[in-house]
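Undergrad: Sequence positions in the sequence shown follow the numbering used here and run 1 to 131.
None of these hints come from the bench; they were simulated from the model.
Predicted model only: the values in this text are computed from it and were never measured.
Accuracy of the hints is not assured; some may be wrong.
[As the list claims (entries may be wrong)] In silico EDC-like links for lysine to aspartate or glutamate, alpha-carbon gap of 20 Å or less:
| no. | residue 1 | residue 2 |
| --- | --- | --- |
| 1 | 43 | 9 |
| 2 | 112 | 34 |
| 3 | 112 | 99 |
| 4 | 120 | 34 |
| 5 | 86 | 9 |
| 6 | 112 | 75 |
| 7 | 93 | 104 |
| 8 | 43 | 16 |
| 9 | 112 | 102 |
| 10 | 43 | 3 |
| 11 | 93 | 107 |
| 12 | 32 | 12 |
| 13 | 86 | 66 |
| 14 | 103 | 121 |
| 15 | 129 | 97 |
| 16 | 32 | 69 |
| 17 | 112 | 67 |
| 18 | 120 | 102 |
| 19 | 32 | 97 |
| 20 | 120 | 37 |
| 21 | 32 | 121 |
| 22 | 112 | 3 |
| 23 | 86 | 3 |
[Claimed, not checked] Derived Cβ-Cβ restraints for the label pairs, each shown as a range:
| no. | residue 1 | residue 2 | range |
| --- | --- | --- | --- |
| 24 | 88 | 126 | 17 to 27 Å |
| 25 | 49 | 99 | 44 to 54 Å |
| 26 | 18 | 102 | 51 to 61 Å |
| 27 | 69 | 111 | 25 to 35 Å |
| 28 | 111 | 48 | 30 to 40 Å |
| 29 | 48 | 99 | 41 to 51 Å |
| 30 | 102 | 40 | 42 to 52 Å |
| 31 | 102 | 70 | 33 to 43 Å |
| 32 | 111 | 18 | 37 to 47 Å |
| 33 | 98 | 2 | 35 to 45 Å |
| 34 | 28 | 81 | 19 to 29 Å |
The C-beta atom is built at its ideal place from N, Cα and C for all residues, glycine as well.
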Amino acid sequence: MSELYIAIDHFDHQIDCFCPDADHVNILHFQKGDLIEVTPERKSTMLGWYALVVINGQQAFFMAIEDIERYFMSECISSQLDIDLKINYLQYKIDQDLEAGDKDSFEENSRKLSETCRLKEELEYYIAKAI
1 MSELYIAIDH FDHQIDCFCP DADHVNILHF QKGDLIEVTP ERKSTMLGWY ALVVINGQQA
61 FFMAIEDIER YFMSECISSQ LDIDLKINYL QYKIDQDLEA GDKDSFEENS RKLSETCRLK
121 EELEYYIAKA I
């Protein structure tokens with residue numbers, strides 16, 4: 001079963017080339033909201049383990065598992081569970097801001113909540129479409 005992630009921020013990824021000459025470099029630009037499906041297909045090379053990744057249901061390539069983990073740990077990508085947890089946390093922070101009367105923090109957390117909810121909707125739409 002595939003793992004599904006959504007890009008939380010813009011980032012660039014250099015696609016590893018397995019060509020014998022390997023003189024060319026391909027950079028993939030991820031945009032906020034891009035859907036990243038990590039399929040169960042794996043391959044091992046001299047450089048390590050790679051997983052087949054599909055971006056927005058269109059572009060497929062092998063990405064190093066180390067890179068996927070790095071993007072996840074640096075919060076460039078997020079899973080549906082992590083988005084749900086972030087929404088719960090932001091709702092808690094908004095409640096605290098209301099109690100404290102902190103208008104600036106309330107506005108910032110409300111903006112983050114709105115943005116996170118939009119990303120969740122995109123992810124859920126993609127999941128529903130895939131089923």
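Undergrad: Evaluate each hint against the coordinates.
TA: Cross-check of the supplied hints:
1. The hinted pair formed by residue 43 and residue 9 fails the criterion: a straight-line CA distance of about 27 Å is larger than 20 Å.
2. Between residue 112 and residue 34 the CA atoms are separated by roughly 18 Å; this keeps the pair inside 20 Å, and the hint holds.
3. Distance check on the hinted pair: residue 112 and residue 99 sit about 19 Å apart at the alpha-carbon level, within 20 Å; holds.
4. Under the criterion of a C-alpha separation no larger than 20 Å, the hint pairing residue 120 with residue 34 is consistent with the structure, at around 12 Å.
5. Taking the CA atoms of residue 86 and residue 9, the gap is about 15 Å. The hint holds against a cut of 20 Å.
6. A C-alpha spacing of about 14 Å is found between residue 112 and residue 75, which places the hinted pair at or below 20 Å, so the restraint holds.
7. For the suggested pair residue 93 and residue 104, the alpha carbons sit about 12 Å apart, so the restraint of at most 20 Å is met.
8. At roughly 13 Å between alpha-carbon atoms, residue 43 and residue 16 fall within 20 Å of each other, so this suggested pair holds.
9. Proximity of residue 112 to residue 102 is assessed by CA-CA distance (about 16 Å); at most 20 Å being required, the pair is judged to hold.
10. A C-alpha spacing of about 16 Å is found between residue 43 and residue 3, which places the hinted pair at or below 20 Å, so the restraint holds.
11. As the CA atoms of residue 93 and residue 107 are separated by approximately 11 Å, the hinted pair is consistent with the 20 Å bound.
12. With a CA separation close to 11 Å, the supplied pair residue 32 and residue 12 stays within the 20 Å bound.
13. Between residue 86 and residue 66 the CA atoms are separated by roughly 24 Å; this puts the pair beyond 20 Å, and the hint is violated.
14. A C-alpha spacing of about 27 Å is found between residue 103 and residue 121, which places the hinted pair above 20 Å, so the restraint is violated.
15. Of the supplied pair hints, the one linking residue 129 and residue 97 is violated, its CA atoms being roughly 37 Å apart against a limit of 20 Å.
16. Between residue 32 and residue 69, the direct Cα distance comes to roughly 18 Å. Compliance with the 20 Å bound is thereby established for this hinted pair.
17. Between the alpha carbons of residue 112 and residue 67 the distance comes to roughly 26 Å, so the proposed pair goes past 20 Å and is violated.
18. A distance of roughly 26 Å separates the Cα atoms of residue 120 and residue 102; the hinted pair therefore is violated under the 20 Å criterion.
19. Among the hinted pairs, residue 32 with residue 97 is inconsistent with the structure: their alpha-carbon atoms are about 27 Å apart, more than 20 Å.
20. Proximity of residue 120 to residue 37 is assessed by CA-CA distance (about 15 Å); at most 20 Å being required, the pair is judged to hold.
21. Taking the CA atoms of residue 32 and residue 121, the gap is about 13 Å. The hint holds against a cut of 20 Å.
22. Taking the CA atoms of residue 112 and residue 3, the gap is about 24 Å. The hint is violated against a cut of 20 Å.
23. A C-alpha spacing of about 19 Å is found between residue 86 and residue 3, which places the hinted pair at or below 20 Å, so the restraint holds.
24. Distance hint check: the CB atoms of residue 88 and residue 126 are about 21 Å apart, consistent with the given range 17 to 27 Å.
25. In this structure the supplied range 44 to 54 Å holds for residue 49 paired with residue 99, their Cβ-Cβ distance being about 48 Å.
26. At roughly 53 Å, the beta carbons of residue 18 and residue 102 sit within the given window of 51 to 61 Å.
27. Checking the proposed 25 to 35 Å range against residue 69 and residue 111 shows it holds: the Cβ atoms sit about 29 Å from each other.
28. Between residue 111 and residue 48 the beta carbon distance is about 39 Å. The supplied range of 30 to 40 Å therefore holds.
29. Residue 48 and residue 99 have their C-beta atoms about 49 Å apart, which keeps the hinted 41 to 51 Å range intact.
30. Checked against the hint of 42 to 52 Å, the pair residue 102 and residue 40 passes, with Cβ atoms roughly 46 Å apart.
31. Checked against the hint of 33 to 43 Å, the pair residue 102 and residue 70 passes, with Cβ atoms roughly 34 Å apart.
32. Taking 37 to 47 Å as the suggested C-beta distance range, the pair residue 111 and residue 18 conforms, at roughly 42 Å.
33. Roughly 39 Å separates the CB atoms of residue 98 and residue 2, a value that falls within the hinted 35 to 45 Å.
34. The supplied range of 19 to 29 Å is met by residue 28 and residue 81, whose beta-carbon atoms lie about 25 Å from each other.
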